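Engineer: What follows is the residue order along each chain.
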Amino acid sequence: MLDILKTDKTIRWAALAFLALALSGLVIDAWILNNLMFGLARGLAVLGLLVLWRTGLISFGHALYFGIGAYTVALLDTFAGVTDLVLRLGVAVAASAAIGFLLGFILRKYRGIFFAMLSLAFSMVLYGILVKIEALGSTDGFSVSATTIFGWKPETKFPLFCAIVATAVVAIVCVQFYLRTTLGHLTTAIRDNELRVEYLGYSVAKAIHIKYVISAALTGAAGAMLATALGQVDPDSMVNWTISGELVFITIMAGPGNVVAPFIGGIVFEFLRTYAFEWAPQAWQLIVGGALLAIIFFLPRGIWSIFEKLMARIKGSQG
Amino acid sequence: MNRMPALRVKDLCKSFAGITAARNINVEAGAGEIIGIIGANGAGKTVFVNMITGYLKPTSGTIEFFGKDITGIEPRDAAHVGVCRSFQVSQVFMSMTVRENLAIALAIARDDGRAMLKAPGRPEIRAEGERLMRQFTIFEHRDAVAGALSQGVRKLLDIAMAVVSNPKVLLLDEPTAGVSVEEKFAIMDIVIVAMKEKGATVLFVEHDMEIVERYVDRVLAFYQGEVICDAPPAEALKDPAVIEYVIGSGRAPTPTAAAGSPSHA
Ligand SMILES: Nc1ncnc2c1ncn2[C@@H]1O[C@H](COP(=O)(O)OP(=O)(O)O)[C@@H](O)[C@H]1O
Ligand SMILES: [Mg+2]
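Residue numbers (our numbering), protein chains in the order written: chain W, 19 to 337; chain A, 12 to 276.
If you're looking for bench data, these hints aren't it; they were derived computationally from the structure. Treat the hints with care, as some may be off.
Claimed, not checked - For lysine to any residue, the following SDA-like pairs were computed, each having C-alpha atoms within a straight-line distance of at most 25 Å:
| # | chain 1 | residue 1 | chain 2 | residue 2 |
| --- | --- | --- | --- | --- |
| 1 | W | K224 | W | R126 |
| 2 | A | K129 | W | R209 |
| 3 | W | K150 | W | M135 |
| 4 | W | K224 | A | N177 |
All values reported here derive from a predicted model rather than from experimental measurement.
Modelling step: build the complete structure from the supplied sequences, incorporating the hints.
Structural biologist: If you want it as structure tokens, here you go:
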């Protein structure tokens with residue numbers, strides 16, 4: 019089954035690039051390391067959105083799963099003292115996938131703006147609940163204690179950074195595998211012509227449902243990793259609609275071209291925001307928004323298209 | 012006849028708010044029969060095809076497929092039992108190449124539960140796709156994106172995709188609409204030969220009486236939601252009611268006129 023990926027160039031290059039990235043963690047400044055962690059964590063969520071986008075579906079409510087992932091980590095920590103990274107990630111992914119599975123029965127019936135807005139509505143329900151209920155941290159949220167990895171408590175952030183890089187690689191491999199299967203190829207088929215897919219004998223609703231659960235699981239993983247890296251969760255920075263918007267923003271900025279693009283997008287976004295905030299604390303949104311506009315105008319298929327052009331040129335000069 | 016008919020339609024009715032699009036339709040189609048459906052625009056031909064393939068639920072009446080009740084079946088289940096169709100407008104994956112279109116279609120048709128986790132480009136699918144592309148004479152277009160194909164080639168791709176699961180009953184809604192006269196016969200030759208080889212029953216909606224005469228065993232003539240004639244073509248095309256309500260209704264020429272004017276489209 020996995021022989022689908024044997025000849026996959028993306029996976030090979032991504033593995034090498036991410037290995038180099040992990041090693042760079044030994045020498046770079048702490049703030050850069052932090053930004054990379056945040057960027058990669060967001061990239062996981064953006065990968066989740068990409069899986070939907072390829073079918074023509076955009077969710078304006080993915081902060082729902084981001085929040086479920088993050089709050090799973092916080093609640094496990096606060097009420098059960100769970101600090102183990104694998105456990106945190108595993109439970110967060112399972113919880114997001116389970117909620118995604120349930121909501122999927124409703125969402126799989128909708129397309130376009132209805133899908134987007136219904137997703138938003140569900141995310142705002144979670145936001146409302148979190149803000150209102152004291153036991154769930156209310157508007158203050160929770161602080162999250164430092165993570166352990168199989169009982170070992172690392173002194174620096176480097177091991178966590180490596181774990182996030184590794185998670186990104188695993189996610190890339192899984193999504194690439196999915197996209198290479200017949201089920202994954204239905205992604206474009208459904209965008210092109212749902213009627214034909216039904217008459218070929220496959221349920222479009224089922225295909226979208228599966229896709230939605232994959233997307234939810236990835237975004238849950240993103241929330242869990244960001245909560246762990248930040249050491250803090252609260253409704254406004256994890257579940258609010260602005261977070262959903264941010265994820266869509268990065269998705270468009272990164273482009274749908276490749277499964278690695280979301281991580282590049284996430285990292286670029288994180289640094290863009292840091293610098294914009296430094297230069298213009300009052301107007302950083304303006305700079306970030308302007309950057310997105312520029313990308314939409316000059317690179318309609320996102321940052322990834324720079325790599326596409328580069329690779330085409332390399333191929334051209336070789337042949 | 013002691014053999015079970017491939018399709019048995021009993022008292023089929025369909026009404027939309029106010030209008031009756033199908034009225035007491037009773038039709039049987041034997042295995043391997045080629046049937047032409049004729050009728051003016053709005054006569055109810057598409058509604059009939061839509062009901063048999065699960066796109067529309069009948070208001071009343073039943074549809075049996077080799078004795079099994081398939082009334083109101085879901086479209087994807089129709090494909091599984093062996094009832095496939097094409098649409099008046101080609102339904103292909105416009106952004107994919109001809110090869111990819113067929114690969115996806117074949118991969119779904121060969122799905123045994125686990126096949127969805129395999130690549131659609133695997134060798135057995137490739138080989139079958141190539142065979143189909145050659146049979147439907149679209150092999151030379153294999154790497155062209157479907158959206159860029161000519162009407163005729165796209166129709167052929169559309170029909171090839173409709174037959175990947177080896178249907179026992181194939182319904183084609185105006186397979187030659189919007190296609191040049193020369194291409195019309197080429198398309199029908201390919202499709203009818205392919206289906207006869209498999210012993211499948213074919214029902215196709217057609218406006219060109221020359222095509223009807225040449226290929227079908229039987230004609231079903233529709234008028235205002237009713238079947239007004241069910242007979243072999245030689246008989247049906249001479250039927251006064253058919254001449255008045257179908258052939259005389261504008262879109263199709265009389266057989267004699269058509270024979271003299273091959274430029275008719
Ligand atoms: N979904 C629908 N809703 C309402 N009326 C319909 C619908 N589909 C078909 N009709 C009506 O049913 C009649 C038969 O249509 P149709 O079967 O498409 O004709 P044709 O013989 O040209 O294929 C027409 O009067 C048409 O307007
Ligand atoms: Mg019609």
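Engineer: Run every hint past the structure and note whether it holds.
Structural biologist: Comparing the hints with the structure gives:
Of the pairs offered as hints, the one joining W:K224 and W:R126 holds, with about 8 Å between alpha carbons and a cut-off of 25 Å not exceeded. At most 25 Å may separate the alpha-carbon atoms for a hinted pair to count; A:K129 and W:R209 meet this at roughly 20 Å. With a C-alpha separation of about 22 Å, the suggested pair W:K150 and W:M135 falls inside the 25 Å cut-off, and the hint holds. Straight-line distance between C-alpha atoms of W:K224 and A:N177 comes to about 24 Å, which keeps the hinted pair within the 25 Å bound.
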